[in-house]
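Per this note's numbering, the sequence shown starts with residue 7, numbered consecutively.
It should be emphasised that the hints constitute simulated quantities derived from the structure, not laboratory data. Check each hint, because a few of them may be wrong.
Straight-line alpha carbon distances no greater than 25 Å define the calculated SDA-like cross-link-like pairs of lysine to any residue that follow [what the hints assert, rightly or not]:
hint : residue 1 : residue 2
1    : LYS33     : ILE166
2    : LYS17     : ASP64
3    : LYS177    : ARG45
4    : LYS49     : GLY27
5    : LYS17     : LYS91
6    : LYS46     : ILE56
7    : LYS137    : GLU113
8    : LYS230    : ILE166
9    : LYS49     : HIS141
10   : LYS49     : PRO120
11   : LYS177    : SER219
12   : LYS128    : LYS177
13   : LYS168    : GLU153
14   : LYS46     : SER219
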Amino acid sequence: SAAMDTVTEAKLAIAMAQAGGIGVLHKNMTPEDQAAEVRKVKKFESGMVINPVTMFPDQTLADALRIKEHTGFSGMPVVERDTGKLVGIITNRDIRFAENLKQPVSELMTRNQPDLPLITVKENVSRDEAKRLLHKFRIERLIVVDEAYRCVGLVTVKDIEKEQAHPNACKDDQGRLRVAAATGVGDDGRARAEALIDAGVDVVVVDTAHGHSQGVLDAVNIIKKMSNRTQIIGGNVATPEGAKAL
Numbered sequence: 007s008a009a010m011d012t013v014t015e016a017k018l019a020i021a022m023a024q025a026g027g028i029g030v031l032h033k034n035m036t037p038e039d040q041a042a043e044v045r046k047v048k049k050f051e052s053g054m055v056i057n058p059v060t061m062f063p064d065q066t067l068a069d070a071l072r073i074k075e076h077t078g079f080s081g082m083p084v085v086e087r088d089t090g091k092l093v094g095i096i097t098n099r100d101i102r103f104a105e106n107l108k109q110p111v112s113e114l115m116t117r118n119q120p121d122l123p124l125i126t127v128k129e130n131v132s133r134d135e136a137k138r139l140l141h142k143f144r145i146e147r148l149i150v151v152d153e154a155y156r157c158v159g160l161v162t163v164k165d166i167e168k169e170q171a172h173p174n175a176c177k178d179d180q181g182r183l184r185v186a187a188a189t190g191v192g193d194d195g196r197a198r199a200e201a202l203i204d205a206g207v208d209v210v211v212v213d214t215a216h217g218h219s220q221g222v223l224d225a226v227n228i229i230k231k232m233s234n235r236t237q238i239i240g241g242n243v244a245t246p247e248g249a250k251a252l
């Protein structure tokens with residue numbers, strides 16, 4: 007879908023990727039806002055959420071509410087500040103009727119206890135096994151841990167449902183929807199491209215009216231060196247010579 011401010015932002019980019027296509031997020035916004043739109047798409051349907059948002063036990067209810075409002079997440083693993091080791095999870099059920107905004111997360115969270123451990127899985131868990139555990143324990147999310155019991159991911163019911171509803175979705179090798187985003191030329195275009203790549207964009211589109219120009223060719227060369235995994239598109243061009251140059 008077109009990189010126009012009346013056409014493509016995260017909502018349409020998600021719909022395009024679910025249908026098997028890809029949307030190009032427009033650049034008529036700040037680089038920070040555009041990068042945030044990229045993150046919305048990448049986190050919408052991810053199979054496994056890699057490096058999920060976590061909290062520390064000494065953070066407060068106010069922190070939890072602020073993170074929830076900012077991210078929309080309804081459950082966050084709680085990890086030790088120094089080691090990253092999983093110690094609990096805080097969900098809507100834990101904070102629904104809590105009123106003391108200074109109350110520490112450690113007093114609110116569902117703890118990982120020897121006699122009542124949290125349900126966790128390893129990074130190589132299969133989709134069928136994840137579904138079996140989610141159903142068996144009637145839970146909404148599985149916490150993915152490494153050999154040191156550090157939280158490295160989440161598998162959620164919502165993501166599995168989205169995947170089943172859109173079997174032909176355009177996804178990356180981590181199961182996340184693919185998304186493209188537009189940038190321009192010069193230093194501003196380079197800085198924008200860096201922000202987009204940091205956000206996980208799959209394709210950077212150097213979007214100009216006249217793509218067969220030195221500025222666009224330079225931009226494509228510079229951006230291509232930023233990341234081996236990110237694809238680059240340059241344009242627009244109207245001649246075979248322009249296509250060959252790019």
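To see whether the hints hold, each was checked on the structure:
A hinted pair counts as satisfied when its Cα atoms are at most 25 Å apart, and LYS33 with ILE166 does not qualify at roughly 31 Å. Between LYS17 and ASP64 the alpha-carbon distance is near 35 Å, which puts this suggested pair outside the 25 Å criterion. Between LYS177 and ARG45, the direct Cα distance comes to roughly 14 Å. Compliance with the 25 Å bound is thereby established for this hinted pair. For the hint linking LYS49 to GLY27, the alpha-carbon distance of about 17 Å falls within 25 Å, and the restraint holds.
Note on LYS17 and LYS91: the hinted pairing is violated, with a Cα-Cα distance of about 35 Å set against a maximum of 25 Å. A threshold of 25 Å between alpha carbons decides the hint, and for LYS46 with ILE56 the separation of about 14 Å falls inside it, so the pair holds. With a CA separation close to 30 Å, the supplied pair LYS137 and GLU113 exceeds the 25 Å bound. Taking the CA atoms of LYS230 and ILE166, the gap is about 34 Å. The hint is violated against a cut of 25 Å.
Restraint check for LYS49 and HIS141: satisfied, since their Cα atoms lie roughly 23 Å apart, inside the 25 Å limit. Under the criterion of a C-alpha separation no larger than 25 Å, the hint pairing LYS49 with PRO120 is inconsistent with the structure, at around 32 Å. The hinted pair formed by LYS177 and SER219 fails the criterion: a straight-line CA distance of about 32 Å is larger than 25 Å. Under the criterion of a C-alpha separation no larger than 25 Å, the hint pairing LYS128 with LYS177 is consistent with the structure, at around 22 Å.
With a C-alpha separation of about 29 Å, the suggested pair LYS168 and GLU153 falls outside the 25 Å cut-off, and the hint is violated. Restraint check for LYS46 and SER219: the C-alpha separation of about 33 Å exceeds 25 Å, so the hint is violated.
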